[in-house]
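K.L.:
Residue numbers (the numbering used here), protein chains in the order written: chain A, 1 to 96; chain B, 1001 to 1344.
These are computed hints drawn from the structure, not numbers from a lab.
Warning: the hint list may mix true and false statements.
Taking lysine-lysine pairs in the DSS-like style, the calculated list, with each CA pair at most 27 Å apart, reads [claimed, not checked]:
#, chain 1, residue 1, chain 2, residue 2
1, A, Lys-25, B, Lys-1066
2, B, Lys-1241, B, Lys-1066
3, B, Lys-1301, B, Lys-1291
4, A, Lys-50, B, Lys-1241
5, A, Lys-50, A, Lys-25
6, B, Lys-1142, B, Lys-1153
7, A, Lys-46, B, Lys-1066
8, A, Lys-25, A, Lys-46
9, A, Lys-36, A, Lys-46
Short, incomplete list of chain A residues facing chain B, as computed with Cβ under 10 Å [said to hold, decoys possible]:
#, residue
10, Ala-15
11, Lys-25
12, Leu-32
13, Arg-33
14, Asp-60
15, Ser-61
Derived, one-sided and incomplete: chain B residues facing chain A with beta-carbon distance under 7 Å [claimed, not checked]:
#, residue
16, Pro-1039
17, Tyr-1230
18, Leu-1231
No residue lacks a Cβ here, since even glycine has one placed at the ideal position from N, Cα and C.
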Amino acid sequence: MDLLLTYDVDTTSPAGRRRLRRVAKHCEGHGLRVQKSVFEIVADEKTLLKLLHDLDQIIDSDTDSIRLYRLPTDGFNHVQTLGIAQIQPHREDLVL
Amino acid sequence: MTTELLNTLYVQTQGTDLRLEQDTLRIHLPDTPGRRTLPLRRLDGIVVYGHINLSTELITRCAQDKRPVTWMSRGGRYLARLDGAARSNVLLRHAQHQRHDDTGARLGIARNLVAGKIRNSRWILLRAARDAAPARREHARKAAEDLAAAIDKLSAAESIDVVMGIEGQAARNYFAALPHILSTATDLPPFTHRNRRPPTDPVNAALSFTYGLLRSLVHGALEQVGLDPYLGFLHGLRPGKPALALDLMEEFRPVLADRFVLTQFNRRQLRASHFDHLSGGAVSLTEDGRKELIGAWQEWKTQTWEHPIAGREVPAGLLPVVQARILARHLRGELPGYLPWTAS
């Protein structure tokens, strides 16, 4: 399924900046970064549960927030963009 | 059976650096500032062409996750493949070895593999003859008749060598007819016959490269099903040769590889500028040419084909997996014979 994940991590303290990096790294392991704190993710239910659990362990629930949106089926095929945004290849082989 | 295709990463930009960072693949392309990351879990394989660096951490992680890494030469020749610890079903492999030792059973499989290839070659010729000019149509139809005769001869073949001989003769007839259904751009040297190691004209270069792509696809399919890719029925046992991969490739060569290459030339997707002429007469694809071909190959793999035995449409990229399963069922004794995939 197609998911959109956004996060906001309080970076006023060194510990907060560390949490931000860990959240970002973790998200990079699951999906593609489309904006500074926005990820597009393709996952199944099992992987999603694990992802949410792991992120919950990382963040400070008093200051940070994570939002996850389940897009309708085929959601990433109907993304509209403006500016420098690019459509991400989630279900294609990649050639570099 | 999972029908969702995970992505394969193909890297052919020379000098690219691939590293592991936690669960992420980190890519540094030369001459491109910044880095790119990909989630490793969305990749089912990495294929690299030529001079690409992979960090040891990445290689070992792929081995642990059983995600194959395939090394190809810059020109697309298969070099090596890394898989993690064998996970395949020992009973299936045992059955495969037993069938290999049973001359009759081995001959039966080899015959059907070749029949599938010739049948599909014939289909290509007849298909192309339909839209060809009358003179060309005659050539293609004539070759198709020869192939039909070859299929008839197969059923009487009493040894693997005879099967191989029929296969070789049919391949020569088929490649002799190919120029009649191919119309390359006029600034390209003509295709006259199949040659390799090295290929000496653009069509042969593209064919060789595409066979490399197909081979890695079929090899992967066999591994996935748990068969031993090195124990073949037609190609037998040869050290270092993935004989079963070569066996199973046969029925796919005409439709998945040859027809793909024909289309690329006929549509002028491949042009003179996509080829380098090297000293000594060899011709190879340029970096742009490879990119063009791999890009088109990805799309080609998603095109669906009717599968008469499975009774449904199957994307080209999964056809080898379906056929590997059918072969496995035959080896286990669940199917009386191996049935090749035939295009329709």
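K.L.:
For each hint, tell me whether it holds in the structure or not.
P.N.:
Here is what the structure says about each hint:
Between the alpha carbons of A/Lys-25 and B/Lys-1066 the distance comes to roughly 23 Å, so the proposed pair stays at or under 27 Å and holds. With a C-alpha separation of about 21 Å, the suggested pair B/Lys-1241 and B/Lys-1066 falls inside the 27 Å cut-off, and the hint holds. A hinted pair counts as satisfied when its Cα atoms are at most 27 Å apart, and B/Lys-1301 with B/Lys-1291 qualifies at roughly 15 Å. The hinted pair formed by A/Lys-50 and B/Lys-1241 fails the criterion: a straight-line CA distance of about 41 Å is larger than 27 Å.
Pair hint A/Lys-50 plus A/Lys-25 holds up; C-alpha atoms about 15 Å apart against a cutoff of 27 Å. Between the alpha carbons of B/Lys-1142 and B/Lys-1153 the distance comes to roughly 17 Å, so the proposed pair stays at or under 27 Å and holds. Restraint check for A/Lys-46 and B/Lys-1066: the C-alpha separation of about 19 Å stays at or below 27 Å, so the hint holds. Under the criterion of a C-alpha separation no larger than 27 Å, the hint pairing A/Lys-25 with A/Lys-46 is consistent with the structure, at around 20 Å.
Taking the CA atoms of A/Lys-36 and A/Lys-46, the gap is near 26 Å; set against the 27 Å cutoff, the hint holds. With 10 Å as the threshold, the beta carbon of A/Ala-15 stays out of range of chain B, its nearest partner Cβ sitting at about 19 Å, so the hint is violated. Look at A/Lys-25: its Cβ gets to within about 6 Å of chain B, closer than 10 Å, so that hint holds up. Annotation: A/Leu-32 was flagged as interfacial toward chain B, and the flag holds, the nearest CB pair being 7 Å apart, inside 10 Å.
For the restraint placing A/Arg-33 at the interface with chain B, the shortest Cβ-Cβ distance is roughly 7 Å, inside the 10 Å limit, so the hint holds. A hinted interface residue such as A/Asp-60 counts as satisfied when its beta carbon comes closer than 10 Å to some beta carbon of chain B; here the least separation is about 20 Å, so the hint is violated. Interface hint at A/Ser-61: violated, since its Cβ lies 23 Å from the closest Cβ of chain B, which is beyond the 10 Å cut-off. The restraint placing B/Pro-1039 at the interface with chain A holds, with a minimum CB-CB distance near 5 Å, inside the 7 Å limit.
A cut of 7 Å between beta carbons decides the hint on B/Tyr-1230: the least distance to chain A is about 26 Å, and the hint is violated. About 29 Å separates the beta-carbon of B/Leu-1231 from the nearest beta-carbon of chain A, more than 7 Å, and the hint is not met.
Comparing the model with each earlier hint shows violations of hints 4, 10, 14, 15, 17, 18; every other hint is respected.
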